[in-house]
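There are 2 protein chains.
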Amino acid sequence: MDILIKDALILTQDARRELVRGDILVQDGKIAKVGGSIRAKSEEKIDAKGKLAFPGLVNAHTHIPMSLFRGYAEGMHLHDWLEKKIWPAEAKLKPKHIRAGSMLSILEMVRSGTTCFNDMYVAHMDEMCKAVLETGIRASVGHALFDLVKKTDAKDELKKGTSLAEKWSGKSSLLKISMAPHAPYTCSDGLIRLAKDYARKKNLSFHMHISETRKEVFDSLREKGKRPIEYLDSLGALDSNTVLAHASWVTKRESALVGKAGASISHNPVANLKLATGGICPLHEYLEAGANVALGTDGTASNNCHNMLETMKFAQLMQSHLYWDPLRVSIQNIWDFATINGAKALGFNSGSISPGKEADIVLADLRSPNLCPLHDARNLLFSLHPGNITDAIIAGKPILREGKFVSLDEEKIIVEAQEAADDLVSS
Amino acid sequence: MDILIKDALILTQDARRELVRGDILVQDGKIAKVGGSIRAKSEEKIDAKGKLAFPGLVNAHTHIPMSLFRGYAEGMHLHDWLEKKIWPAEAKLKPKHIRAGSMLSILEMVRSGTTCFNDMYVAHMDEMCKAVLETGIRASVGHALFDLVKKTDAKDELKKGTSLAEKWSGKSSLLKISMAPHAPYTCSDGLIRLAKDYARKKNLSFHMHISETRKEVFDSLREKGKRPIEYLDSLGALDSNTVLAHASWVTKRESALVGKAGASISHNPVANLKLATGGICPLHEYLEAGANVALGTDGTASNNCHNMLETMKFAQLMQSHLYWDPLRVSIQNIWDFATINGAKALGFNSGSISPGKEADIVLADLRSPNLCPLHDARNLLFSLHPGNITDAIIAGKPILREGKFVSLDEEKIIVEAQEAADDLVSS
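Chains as they are written, first to last, in our numbering: chain A, 1 to 427; chain B, 1 to 427.
Just chain A, same shape as in the assembly (with noise of 0.2 Å):
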């Protein structure tokens, strides 16, 4: 279907990163012409006047069926809300859960402004799968690995992961599969080498967390003689398809080794902040030693939303935090991170509107009190919330249309979220 839209203001992300009024045509699920008036035969127009259009967000880093605990037993520490409530809810997921959740996260997703995301999780990843193809979003899934906590045998524990694969990949342009070793400290060094062989023979993306508490980095040094990311290079898992999720306890001798690799970071940084972490990710480090630099939500049991419009800003204004300095991490490098380097975290081809991209493409009314004045749309990035999102298109389709889905049953998704919540916290 080709669409046009009319008369927006185009925060194009384009290789200049201009922003230009005009209209965008898409074709055949990808961006033929971008500003100025454009004249096509289309079989749906948008009318976009008064709407600010950017490219859909990517979530780099979450674990989408978690939304099912959001708000779940608050106010723990970490190790009692893992042991007490999480693990023995995570104990009971069904296929419908998962099913329940993956849907829940991504009516949330769309409706802030985000087109794209990039999964790991533990279990009946299939219906994880299946909603991406049934609600039409961007997607880079994956089976997660460990196999040191459950003392299972490296290639078993494999398995779970390259037979996602080879059901799921190239069945549709909008779903990859990724091999995810959860971390380094739940996973043998031998399933790590296996998990990243495979990745490279097939090429897969390579997703994985690392570094996010300084516990973790102290038992990495003291138990293999490396901080977590040396470790990693070591076994040779950082190229350009590697993504880590979190990577902020490091030093700038492992900032430079993403960078060298050509790979990504995932910084999360409100699931950091909830957790208490204590880490803030060196993204100016990071940024100067090459690395691609996206940013996530984590899952909402850590977060509680999958709110990327708010992630950018409190990434933003955490490194203003960081380095005592408003300027280190700018607003373009936000935008950046959320969009073309997420994209090419994933290899999408997608993340701006320019001629050749995919069309993921997001509206947001700046007739909004929030949104006014008008002095540089970029900077709209401090002020926009989900409430502003009107409309997102994927892949040339539209899904969410003046604040209504196009196809997708909001009203039922919620309450069998509702309902697959109970189930699951009820003992």
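Calculated directly from the structure, the hints in this document are not laboratory data.
Among these hints, one or two may not hold up.
Stated by the list, open to error - Computed cross-link-like contacts, SDA-like style, restricted to lysine to any residue with a CA-CA straight-line distance of at most 20 Å:
no.	chain 1	residue 1	chain 2	residue 2
1	A	155	A	190
2	B	404	A	390
3	A	215	B	323
4	B	85	A	327
Stated by the list, open to error - To be clear about the criterion: a stretch of chain A counts as covered by chain B if any three or more of its residues have a C-beta under 8 Å from a C-beta of chain B, and this derived list gives those stretches:
no.	segment
5	70–84
6	101–111
7	302–310
8	323–337
9	379–386
10	414–425
Fair warning: this is a prediction, and the values are worked out from it, not measured in the lab.
Built from N, CA and C at the ideal position, the CB exists for glycine as well.
Could you slot chain B onto chain A? The hints should help.
Just chain B, lined up with the frame of chain A:
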């Protein structure tokens, strides 16, 4: 006008901090009954099925006309930004600008659940008072006083504050006038004493910036031999009608002075991060000392929005970060800061949904993907956003109903704000 709000989930913030289901009866602008099924003849029924009712939020420190500078000249260091951009623009401020910025900010506040604010600004404050009465929001408003910077006579400067008070005090139960000497480094000790004496005599609130930056503290120690709050204490300016904005760079001795006086602080976490002050206000110490802690957004030029829901999340997460402990300042604390404590700071009989209180009530639609599932409504603090707010009632009068302003012309106010902003920043 009587109002009967039917079938809400009510986050009461009453003395027992109860969550109850049922109705709320509002009579003569006050809350008459709460909970269960209430039968009454009412002029207006509000169906709140599927909605959360909570006390309207109190923004305890802001400068609302500055919304005209939202997103203007970002990416500059503070000194350049003030000297090259803000001060030249502020020098052009006419009554119409104060009106336009005030009206815009009030719309933004109401849409994000705020029903009361505490302001000080530099010019044409009659226009802000008029905007308060015209819109029906609740506010404490002061003329910011400076005698050191402008080298004016303290008594002449004081008159700006006292004449505002003489003109507007008692005009409406919605509007209070405060005495607002800007800061210890912009006001002489004489002006501070005069302002506090007048406030005490007339039972007015006393609103002042303090200890926002490390430099301010060091300068104070060097010039006065005292830290800023010690200095204020020595002038007799601390009591239960005092609201200190920021108060971040403080010693335990200073937080104890604030607590002993029963004074209030307005913590403004977003502005502190944005201006990269480096200071995180030690709320746990203030609470231990018995101080009244409230929250504010600060002006939009340093935020860039009036979204108290966001400020509440920043506040909790920054305290988790500061103490490396997510429980030191609880979610319940944060609700208290933004409701009952804010009302107490400004001397209003509001901030909870309990009989006898002013009826300042906000409704949020729980049938939103970011507010599902419902485990404990208090924990929705971390995912609530302005798009969820459907209704706002202030002093028993519906201002916002089902997402629309009842009698304010939102479109016109936005257009006028854009014109006023363009006028200010044009050269």
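Evaluation of the provided hints:
no., hint, result
1, A:155 to A:190, "9 Å, holds"
2, B:404 to A:390, "16 Å, holds"
3, A:215 to B:323, "16 Å, holds"
4, B:85 to A:327, "16 Å, holds"
5, 70–84, "holds (count 9)"
6, 101–111, "holds (count 5)"
7, 302–310, "holds (count 6)"
8, 323–337, "holds (count 7)"
9, 379–386, "holds (count 6)"
10, 414–425, "holds (count 7)"
Every hint, counting from the list given before, is met by this structure.
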